[in-house]
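Could you put the whole structure together from the sequences, leaning on the hints where they help?
Residue numbers (the working numbering), protein chains in the order written: chain A, 22 to 419; chain B, 22 to 419; chain C, 22 to 419.
I should point out that these hints are in silico values taken from the structure, not numbers from a laboratory.
Among the hints, erroneous ones may be present.
[As the list claims (entries may be wrong)] List time: in silico DSS-like cross-link candidates among lysine-lysine, alpha-carbon distance up to 25 Å: (1) C:K158 / C:K406; (2) A:K24 / C:K401; (3) C:K29 / C:K406; (4) A:K401 / A:K29; (5) B:K36 / B:K24; (6) C:K24 / C:K401; (7) B:K401 / C:K24; (8) A:K401 / B:K36; (9) B:K269 / B:K36.
[Said to hold, decoys possible] Pairwise CB distance ranges, derived in the manner of DEER restraints: (10) B:S365 / A:V128: 56 to 62 Å; (11) B:Q93 / A:G204: 48 to 54 Å; (12) A:E26 / B:L44: 51 to 57 Å; (13) B:K24 / A:D310: 57 to 63 Å.
What you are looking at is a predicted structure, and each value in this text was computed from that prediction instead of being measured.
Glycine is no exception: its CB is placed at the ideal position from the N, C-alpha and C atoms.
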Amino acid sequence: MDKAEILKSIESLSKINTDTMVLNDFLLTWDKSEDEIAATLQTAEILRALRQNNISSRVFETGLAISIFRDQSTRTRFSFAGACNLLGLAIQELDEEKSQIAHGETVRETANMISFLAEVIGIRDDIYLGEGHTYIKEVARAVNQGHQEGVLPQRPTLVNLQCDIDHPTQTMSDALHIIHYFGGVENLKGKKIAMSWAYSPSYGKPLSVPQGIIGLMTRFGMDVVLAHPEGYTLMPEVVAIAQTNSAKFGGSFCQEMHMEDAFKDADIVYPKSWAPYNVMEERTRLLQDGDRQALQALEKRCLEINKKYINWQCTEKLMQITRQGRALYMHCLPADISGVSCESGEVEASVFERYRVPQYVQAGYKPYIIAAMIFLSKFKDPTEKLSQLVNQARPRVY
Amino acid sequence: MDKAEILKSIESLSKINTDTMVLNDFLLTWDKSEDEIAATLQTAEILRALRQNNISSRVFETGLAISIFRDQSTRTRFSFAGACNLLGLAIQELDEEKSQIAHGETVRETANMISFLAEVIGIRDDIYLGEGHTYIKEVARAVNQGHQEGVLPQRPTLVNLQCDIDHPTQTMSDALHIIHYFGGVENLKGKKIAMSWAYSPSYGKPLSVPQGIIGLMTRFGMDVVLAHPEGYTLMPEVVAIAQTNSAKFGGSFCQEMHMEDAFKDADIVYPKSWAPYNVMEERTRLLQDGDRQALQALEKRCLEINKKYINWQCTEKLMQITRQGRALYMHCLPADISGVSCESGEVEASVFERYRVPQYVQAGYKPYIIAAMIFLSKFKDPTEKLSQLVNQARPRVY
Amino acid sequence: MDKAEILKSIESLSKINTDTMVLNDFLLTWDKSEDEIAATLQTAEILRALRQNNISSRVFETGLAISIFRDQSTRTRFSFAGACNLLGLAIQELDEEKSQIAHGETVRETANMISFLAEVIGIRDDIYLGEGHTYIKEVARAVNQGHQEGVLPQRPTLVNLQCDIDHPTQTMSDALHIIHYFGGVENLKGKKIAMSWAYSPSYGKPLSVPQGIIGLMTRFGMDVVLAHPEGYTLMPEVVAIAQTNSAKFGGSFCQEMHMEDAFKDADIVYPKSWAPYNVMEERTRLLQDGDRQALQALEKRCLEINKKYINWQCTEKLMQITRQGRALYMHCLPADISGVSCESGEVEASVFERYRVPQYVQAGYKPYIIAAMIFLSKFKDPTEKLSQLVNQARPRVY
Chain A
22 MDKAEILKSI ESLSKINTDT MVLNDFLLTW DKSEDEIAAT LQTAEILRAL
72 RQNNISSRVF ETGLAISIFR DQSTRTRFSF AGACNLLGLA IQELDEEKSQ
122 IAHGETVRET ANMISFLAEV IGIRDDIYLG EGHTYIKEVA RAVNQGHQEG
172 VLPQRPTLVN LQCDIDHPTQ TMSDALHIIH YFGGVENLKG KKIAMSWAYS
222 PSYGKPLSVP QGIIGLMTRF GMDVVLAHPE GYTLMPEVVA IAQTNSAKFG
272 GSFCQEMHME DAFKDADIVY PKSWAPYNVM EERTRLLQDG DRQALQALEK
322 RCLEINKKYI NWQCTEKLMQ ITRQGRALYM HCLPADISGV SCESGEVEAS
372 VFERYRVPQY VQAGYKPYII AAMIFLSKFK DPTEKLSQLV NQARPRVY
Chain B
22 MDKAEILKSI ESLSKINTDT MVLNDFLLTW DKSEDEIAAT LQTAEILRAL
72 RQNNISSRVF ETGLAISIFR DQSTRTRFSF AGACNLLGLA IQELDEEKSQ
122 IAHGETVRET ANMISFLAEV IGIRDDIYLG EGHTYIKEVA RAVNQGHQEG
172 VLPQRPTLVN LQCDIDHPTQ TMSDALHIIH YFGGVENLKG KKIAMSWAYS
222 PSYGKPLSVP QGIIGLMTRF GMDVVLAHPE GYTLMPEVVA IAQTNSAKFG
272 GSFCQEMHME DAFKDADIVY PKSWAPYNVM EERTRLLQDG DRQALQALEK
322 RCLEINKKYI NWQCTEKLMQ ITRQGRALYM HCLPADISGV SCESGEVEAS
372 VFERYRVPQY VQAGYKPYII AAMIFLSKFK DPTEKLSQLV NQARPRVY
Chain C
22 MDKAEILKSI ESLSKINTDT MVLNDFLLTW DKSEDEIAAT LQTAEILRAL
72 RQNNISSRVF ETGLAISIFR DQSTRTRFSF AGACNLLGLA IQELDEEKSQ
122 IAHGETVRET ANMISFLAEV IGIRDDIYLG EGHTYIKEVA RAVNQGHQEG
172 VLPQRPTLVN LQCDIDHPTQ TMSDALHIIH YFGGVENLKG KKIAMSWAYS
222 PSYGKPLSVP QGIIGLMTRF GMDVVLAHPE GYTLMPEVVA IAQTNSAKFG
272 GSFCQEMHME DAFKDADIVY PKSWAPYNVM EERTRLLQDG DRQALQALEK
322 RCLEINKKYI NWQCTEKLMQ ITRQGRALYM HCLPADISGV SCESGEVEAS
372 VFERYRVPQY VQAGYKPYII AAMIFLSKFK DPTEKLSQLV NQARPRVY
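Here it is as structure tokens:
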């Protein structure tokens, strides 16, 4: 996009209602209206284009962005850092090992204590089923209350950097990727996407990506197929959302028991490992009890079950049965690549390598998606603010 | 404060002598003159008002702020980060585990090596009696010497983020809080503040807060009462300072052996746990010797002694005997709240909850107190610099 | 330098060809042309002078600088942080413990994933012979490929913050130091520098500093003498480079078996400990095999061998035989100082203390050297960019 195109894109953004996003959090895509989803995708595009044109999108002279990572992260950590920096915010990470964070009363207190000068709080909490989203909501409630009580001069807004339920910064980046790939959101209608479980020699991967994918992609009128072996079910409430969405938005949603059935004539395949729902539930309970022995037994048992489905792998052969043998392969990365990062994993090396560049390009949307989420939660009139940035055209690199 | 009021406040700041603060450290409040204390409080107010009016107080285009945390910290860490960011400095934390920091010669060397581009160094070192303040002074001497020798192009100034003796960023925030609460520093005269020990099921809390409180509040002409069980004495030199201050500034200072005597007719109560002085001394020695067995025995013994004073708790009943039953409850946070964060602790849950919002508001002053300390150590004419900020009125959020 | 002198220095920089530096990495000094070395030294001087004149050298409104430290670091960590901040970049450290970084395929992936908004990547990887430089090259290849494939909107450039082969940010700072000390690079011609092994009670220090010194200083027409006990050889390919350089640049290079022979009439002495090459090789192998027992045995054996050379110490007596007894003592710091940081070490306390201030001054060049490396890799016309900075003269501290 050149400057004229950016201004045109901003003009079209002005037709989308973003009022509801101001001072609001981005936690689950299905809590967001069509307008909110559309505005986020479009603002991400605009911010990306600004940077490509060496126009600064710095809107904060000073201000903190807090990150809380309760699980390892590279991609999302750097995307969040990049997004915040792009807007002018400085990252301050809450390292819970260097702090004294307890539960109950003190979540409210800690949330306020770290937020006096904070514009945004990004949280990853994806390990325990039933906990991550709850924790993020608790922090959101705390800062909301703090703002209302006059404790916080501004309401820091929250961005879900992956919880137990959804991974919106990932799936929104995925959405932007396929919008680009198929030449417009209107072209997603009727496209078949296969969200399929795939074998991995590891254990306990979160459910948030497959849940997020079926929850979001059903909104674009796509034909969404979820496939997994018996027992590897997702949270029933999210499956219900996918079903409701598909009815509402004119696509379809169905479940299959075989990878082949999902891949058949698919336009997009998203083969990815996750842990069985009931294993995750049991694991959460055991972790809370601190029962190490039972945890090891569970892990061993789970890996045994996993092995039964070692043939759930995205092979060249399987890719042949997709639409014209040319479905777009997707993954949230890092993938378990057979013969590369493990003996046998989610995807055959040649398939991954063929789609490596698009995959990497896809990951590159994430900083802009996060920046858009923050931007739209901060400005009542994003159109005016973005126009101002274009017109001032302060260079990002002098 | 609106813009006109801010300018008026800056005008009145111009009557305070701040020359002595330039390139000077903020380590102990009692080393500071009345003017220095007054200027810090007022500059903090002005910086806070600037932010409330969306006026940027960024005075550094680039520059580093170094933090050294030799103990866990959430509140102060984020306050320091926010303060430095507010002025335009980027935080670089010295993580001693990732470095090779020894004692003796190398404190001087390390202090210089990290300071080539540093404007400020914030240090928390509060665990060992007789060590923290000594360490901070050693760093201060090192960078001073480095500056004089031409090694450092600027003299980074130090901010004590809590040592074994004082916790000035906390107590100055506390002071700003009660100045607001009682409607002006002149109204503090004759107000009774009870700095009382309180029971906690934990062990080894620093003495710096109670010491800092009696050392600072006696300067405002307040009636300061220190109460603690036998053996929980503070450093005698700080108690002596409180006595001297009370004589000099027309208030009073006395010590009580019962919480009730301190709370009687108090306008402010500050019930907080700390470790007995001699236990802290013994602990420091044992830690230096690395005698784990003796340390565990000491902890056990100390907790046993603690339990004898389990009734030293800020209860609703006790609050009744304060001035009109309505004393302001204060704590540096986090408090040990009975039935919330522990079974039995420093304060009853209903008392804490009633004063929770003022407490949180109080904590919100800390970033501005720290920013003021840095600001006044950097600019010879803070009045001119602040006026310039108001007149330019660059927005903090564009 | 005042403003006029800065402009003159910029003018003379315009005569040096820096085209080859754009989007290029700074990994080994001997891969750099004379012009590239000269331009880096001079740009460092100019950036230093800008700061001394309170002129901002911020050239990035936003942008990330990634650091990867695979070994402990204080000096270089803070130098890199200061350099990046000086140019306007925000540091984001890749903490490999908080990420999931594996080898092979994923170096390419991780390198891309962290680089979407990155302008520069600084890497320290100095522990394993044959690995550090290889790793840095792998990252460089990955981001280069990523940029060419359209994954990365910009090519982040790499700065070697010490690898197994060279330590260019150190040796270039060392060069700037002696250029200042002897009053110009032209005065280095014919000066004798003794790069000598020295005794240390520790084990396994990298070879990169002595290698970097002989590889760089032979380019200034200096008489470079390398001295070490039998077995403490350096990488033969670097020794060969020193030999080639000395022939090409009209100086000399020779090796001695006694510290005295190296110190005789030396203008500069650089006594520093390092591990024997074959020990480092064996250690790398054992570390890769995870053979703890053999590693301990190796360490014990190595320290025993070390002790045989305990008299390799930079004493006052030894300093007497240098040129007029007044050679400049240098060290990359921290030094093992006899009676200070160890019982018996690399240097006598009085020698170190006498040269302490010059040493510290020397270390202060490093942030500017790093900033110059980044600057020259980013701007096609550094002369124009620097002139612009001087002419705009935005203050660094407002």
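Given the proposed pairing of A:K401 with A:K29, does the C-alpha separation stay at or below 25 Å? 19 Å, holds
Straight-line Cα separation of A:K24 and C:K401 no greater than 25 Å? 24 Å, holds
Restraint status (C-alpha distance of B:K401 to C:K24 at most 25 Å): Holds, at about 24 Å.
Between the alpha carbons of B:K36 and B:K24, is the straight-line distance 25 Å or under? The given pair, whose Cα atoms are some 19 Å apart, holds under the 25 Å limit.
Holds or violated: C:K158 and C:K406, Cα atoms, limit 25 Å. 29 Å, violated
Starting from C:K24, check that the Cα of C:K401 is at most 25 Å away, please. With Cα atoms ~23 Å apart, C:K24 and C:K401 stay inside 25 Å; holds.
Could you see if the CB distance from B:K24 to A:D310 stays within 57 to 63 Å? The hint (57 to 63 Å, Cβ to Cβ) holds, given that B:K24 and A:D310 are roughly 58 Å apart.
So if I understand the rule, the pair passes when the alpha-carbon distance is 25 Å or less; does A:K401 with B:K36 pass? 42 Å, violated
B:S365 and A:V128, beta-carbon distance inside 56 to 62 Å? Between B:S365 and A:V128, where Cβ atoms are some 22 Å apart, the hint is violated.
Does B:K36 sit within 25 Å of B:K269, going by the straight-line distance between their CA atoms? The given pair, whose Cα atoms are some 22 Å apart, holds under the 25 Å limit.
Cβ separation of B:Q93 and A:G204, checked against the hinted range 48 to 54 Å: Between B:Q93 and A:G204, where Cβ atoms are some 53 Å apart, the hint holds.
Hint says 51 to 57 Å; check whether the CB-CB distance for A:E26 and B:L44 agrees. 52 Å, holds
Checked against the numbered hints given earlier, this structure breaks hints 1, 8, 10; the rest are met.
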